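Q: Position 134 of the sequence shown, counted from 1, bears residue number 134 in full-length UniProt numbering, the numbering being contiguous throughout.
Simulated from the structure, these hints should not be mistaken for lab results.
Treat the numbers as computed from the prediction; the structure is a model and nothing was measured.
Using N, Cα and C, we set each Cβ at its ideal position, and we do this for glycine too.
Treat the hints with caution; some may be incorrect.
Only pairs whose alpha carbons sit at most 27 Å apart, straight line, appear in this in silico BS3-like list of lysine-lysine [what the hints assert, rightly or not]:
no.	residue 1	residue 2
1	K355	K80
2	K326	K245
3	K91	K355
4	K355	K60
5	K47	K339
6	K91	K75
7	K133	K161
8	K212	K80
9	K91	K80
10	K241	K268
11	K241	K223
12	K252	K151
13	K326	K54
14	K339	K212
15	K326	K47
16	K133	K212
17	K47	K75
18	K326	K161
19	K151	K161
20	K212	K223
21	K326	K80
22	K133	K151
23	K252	K268
24	K326	K75
25	K75	K355
26	K60	K91
27	K75	K161
28	K213	K252
29	K223	K252
30	K311	K133
What follows is a set of in silico ranges between Cβ atoms, one per label pair, in the way DEER data are often shown [claimed, not checked]:
no.	residue 1	residue 2	range
31	N346	I202	22 to 32 Å
32	T149	F106	52 to 62 Å
33	H264	V121	21 to 31 Å
34	P226	E122	38 to 48 Å
35	S354	T263	37 to 47 Å
36	V121	E44	24 to 34 Å
37	N57	E295	18 to 28 Å
38	H264	A73	47 to 57 Å
39	M352	E328	33 to 43 Å
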Amino acid sequence: MSPLRFIFISLPKPRPHSHHHYRTFIDGTAIRWVRDRGLDHAVEREKNLIPMIKLKNLIKSEPSNSLPISIIAEKRDSLKIPTRPIEFVRKYPAIFQEFLPGGTGFQPHIRLTPEVLDIDVEEQFMYQSESYKQQVADRLLKLLMLCRTNKLPLTLVERLKWDVGLPEDYRQSLIPEFPDYFRIGVAKDRSSGPFLELVCWISEMGTSVMEKKVMNGKSDYSKGMPIAFPMHLSRGFEMDKNMKKWEDDWQKLPYVSPYENATHLPPKDDESDKWAVAVLHEFLHILAPKKTERENVLCFGEYLGIRSRFKRALLYHPGIFYMSSKNETHTVVLKEGYKRGLLTENHPLMNMRSKYIHLMNTLKEDSKPISVPGGSGSAKKQKQKQTTSDTKEGDKEEEGSKEEEGSIEEEENEGELYHSSDVEEDDDDSKQGVEEAVAIANNRRRSTKPYSDKKGRSRNSERRSAEKHSGRTRGRSSSSSQISLKTENHGRSSRGRSNLSSSRGRSMPNDTPTILLQEYIHKVGTHIIKKRVHLSSSCEASGARKVVQKGR
Numbered sequence: 001m002s003p004l005r006f007i008f009i010s011l012p013k014p015r016p017h018s019h020h021h022y023r024t025f026i027d028g029t030a031i032r033w034v035r036d037r038g039l040d041h042a043v044e045r046e047k048n049l050i051p052m053i054k055l056k057n058l059i060k061s062e063p064s065n066s067l068p069i070s071i072i073a074e075k076r077d078s079l080k081i082p083t084r085p086i087e088f089v090r091k092y093p094a095i096f097q098e099f100l101p102g103g104t105g106f107q108p109h110i111r112l113t114p115e116v117l118d119i120d121v122e123e124q125f126m127y128q129s130e131s132y133k134q135q136v137a138d139r140l141l142k143l144l145m146l147c148r149t150n151k152l153p154l155t156l157v158e159r160l161k162w163d164v165g166l167p168e169d170y171r172q173s174l175i176p177e178f179p180d181y182f183r184i185g186v187a188k189d190r191s192s193g194p195f196l197e198l199v200c201w202i203s204e205m206g207t208s209v210m211e212k213k214v215m216n217g218k219s220d221y222s223k224g225m226p227i228a229f230p231m232h233l234s235r236g237f238e239m240d241k242n243m244k245k246w247e248d249d250w251q252k253l254p255y256v257s258p259y260e261n262a263t264h265l266p267p268k269d270d271e272s273d274k275w276a277v278a279v280l281h282e283f284l285h286i287l288a289p290k291k292t293e294r295e296n297v298l299c300f301g302e303y304l305g306i307r308s309r310f311k312r313a314l315l316y317h318p319g320i321f322y323m324s325s326k327n328e329t330h331t332v333v334l335k336e337g338y339k340r341g342l343l344t345e346n347h348p349l350m351n352m353r354s355k356y357i358h359l360m361n362t363l364k365e366d367s368k369p370i371s372v373p374g375g376s377g378s379a380k381k382q383k384q385k386q387t388t389s390d391t392k393e394g395d396k397e398e399e400g401s402k403e404e405e406g407s408i409e410e411e412e413n414e415g416e417l418y419h420s421s422d423v424e425e426d427d428d429d430s431k432q433g434v435e436e437a438v439a440i441a442n443n444r445r446r447s448t449k450p451y452s453d454k455k456g457r458s459r460n461s462e463r464r465s466a467e468k469h470s471g472r473t474r475g476r477s478s479s480s481s482q483i484s485l486k487t488e489n490h491g492r493s494s495r496g497r498s499n500l501s502s503s504r505g506r507s508m509p510n511d512t513p514t515i516l517l518q519e520y521i522h523k524v525g526t527h528i529i530k531k532r533v534h535l536s537s538s539c540e541a542s543g544a545r546k547v548v549q550k551g552r
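All chains should be built: construct the whole structure from the sequences, respecting the hints.
A: Next comes the structure, spelled out in structure tokens:
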């Protein structure tokens, strides 16, 4: 072989003219994803919703409408319960109830609360309504039309059942009612399992949501025209100039309908990439929550033969799709379907699930856990927490009652000082009144039992110390003055007793008037002593000034 001939053979042959737009975006370019709090919240709020619904349906299917906790533990994997069944049940007291059948000491049984049963009745009415059945049948029909073979394995339908909104018994209640839409078939060679196949192609259903939007705004739309996908970049996302230019050019490419077979396009072509994005966009829009797990997306893409294209679509188009890592899984969210974390489309199924979520977040105060043999001690922990909280609340109540008592005593002190102003005018009269009051108090104290309260003992000790310092003498006086003073102080003490009993929330002892009288005597005597000390000190100071002036 001559060298010249080798050169001509090694030259690449010129490619024929093609309308394909080869990829200009570099696959190795790193894209920094930014978290979207609103979409993360939309995913996280449905945490444990699927296992809760599964457990609810299992309990409802039982003739006794209850299940022992041991049966639930055996079916934990199929129910997708993330924790121990007893802990999962106790986490939602507004949905599940624990009880011991017949009052025996065996393992507790679980039943549903009346609130969740009411929502379940509404849900069953929704599934049986003709309007909802038509909506679900249309969604399932569009999924079959997206497939090249117009068939879907029932295993894949089971994976998508939750997101499509199919009832549990869809094979008996839904599919037979739409014989013109689809039917269940079995492969002739029995090599694969049963599948759901399309019976009749409906052209109206073969129009994508993007084409419908453009048709509503433009009357001259035709197949193959460019359609730009709505972009919703997360807050904080910064797009590179090169990426922005590539995105703008990519949006101007012709729009290939997802219901058309475009697998003949080169896998790394921009037009092929836009078709894969259109298929994924239509697939997520068909689902009721406008989101699904990443594994469901890849399984559907693998059945279509475009699994790798779905991966690239999720990677290179952060303004159309969002990947959330909440709930210990990866969830693909269609950004167009949400606004500020809420669905833009009002769907009866999502409204029903919102009621379940609201009930899951509702707590009941009267729910008491039942001890389970061999449990983890969660009931004991809850009791300890309850005891601790009760102790703290009791301390707060005691502090509050002390503050209220202090405020009441201050009010009483202000009233007593106001009434003692008449006594301060004449020292002799006040001394006589104090002696009479002390005599009456001593007589009542001898005839009644002493007050056993700690505060009473402390107040008695304060009164005795004040009496020692004041040097007052006790004696008996005339019966007329005793009766008048007793009547006045008895009325005042009754008012104080009513205030204290209402503030403390308990009945006062029988000797409360005596204690209040003693407090009154103590405060008046102390005030008189302070007045005398002040007068004596002022007199001494004035006498000293006079002596100094005389000496000068």
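Q: With reference to the structure, classify each hint as holding or not holding.
A: Results for each hint:
{"no.": "1", "hint": "K355 - K80", "verdict": "21 Å, holds"}
{"no.": "2", "hint": "K326 - K245", "verdict": "32 Å, violated"}
{"no.": "3", "hint": "K91 - K355", "verdict": "17 Å, holds"}
{"no.": "4", "hint": "K355 - K60", "verdict": "18 Å, holds"}
{"no.": "5", "hint": "K47 - K339", "verdict": "20 Å, holds"}
{"no.": "6", "hint": "K91 - K75", "verdict": "18 Å, holds"}
{"no.": "7", "hint": "K133 - K161", "verdict": "14 Å, holds"}
{"no.": "8", "hint": "K212 - K80", "verdict": "39 Å, violated"}
{"no.": "9", "hint": "K91 - K80", "verdict": "15 Å, holds"}
{"no.": "10", "hint": "K241 - K268", "verdict": "22 Å, holds"}
{"no.": "11", "hint": "K241 - K223", "verdict": "31 Å, violated"}
{"no.": "12", "hint": "K252 - K151", "verdict": "33 Å, violated"}
{"no.": "13", "hint": "K326 - K54", "verdict": "21 Å, holds"}
{"no.": "14", "hint": "K339 - K212", "verdict": "21 Å, holds"}
{"no.": "15", "hint": "K326 - K47", "verdict": "9 Å, holds"}
{"no.": "16", "hint": "K133 - K212", "verdict": "23 Å, holds"}
{"no.": "17", "hint": "K47 - K75", "verdict": "19 Å, holds"}
{"no.": "18", "hint": "K326 - K161", "verdict": "21 Å, holds"}
{"no.": "19", "hint": "K151 - K161", "verdict": "16 Å, holds"}
{"no.": "20", "hint": "K212 - K223", "verdict": "12 Å, holds"}
{"no.": "21", "hint": "K326 - K80", "verdict": "16 Å, holds"}
{"no.": "22", "hint": "K133 - K151", "verdict": "20 Å, holds"}
{"no.": "23", "hint": "K252 - K268", "verdict": "17 Å, holds"}
{"no.": "24", "hint": "K326 - K75", "verdict": "25 Å, holds"}
{"no.": "25", "hint": "K75 - K355", "verdict": "26 Å, holds"}
{"no.": "26", "hint": "K60 - K91", "verdict": "19 Å, holds"}
{"no.": "27", "hint": "K75 - K161", "verdict": "20 Å, holds"}
{"no.": "28", "hint": "K213 - K252", "verdict": "17 Å, holds"}
{"no.": "29", "hint": "K223 - K252", "verdict": "14 Å, holds"}
{"no.": "30", "hint": "K311 - K133", "verdict": "33 Å, violated"}
{"no.": "31", "hint": "N346 - I202: 22 to 32 Å", "verdict": "25 Å, holds"}
{"no.": "32", "hint": "T149 - F106: 52 to 62 Å", "verdict": "54 Å, holds"}
{"no.": "33", "hint": "H264 - V121: 21 to 31 Å", "verdict": "51 Å, violated"}
{"no.": "34", "hint": "P226 - E122: 38 to 48 Å", "verdict": "45 Å, holds"}
{"no.": "35", "hint": "S354 - T263: 37 to 47 Å", "verdict": "39 Å, holds"}
{"no.": "36", "hint": "V121 - E44: 24 to 34 Å", "verdict": "28 Å, holds"}
{"no.": "37", "hint": "N57 - E295: 18 to 28 Å", "verdict": "23 Å, holds"}
{"no.": "38", "hint": "H264 - A73: 47 to 57 Å", "verdict": "53 Å, holds"}
{"no.": "39", "hint": "M352 - E328: 33 to 43 Å", "verdict": "25 Å, violated"}
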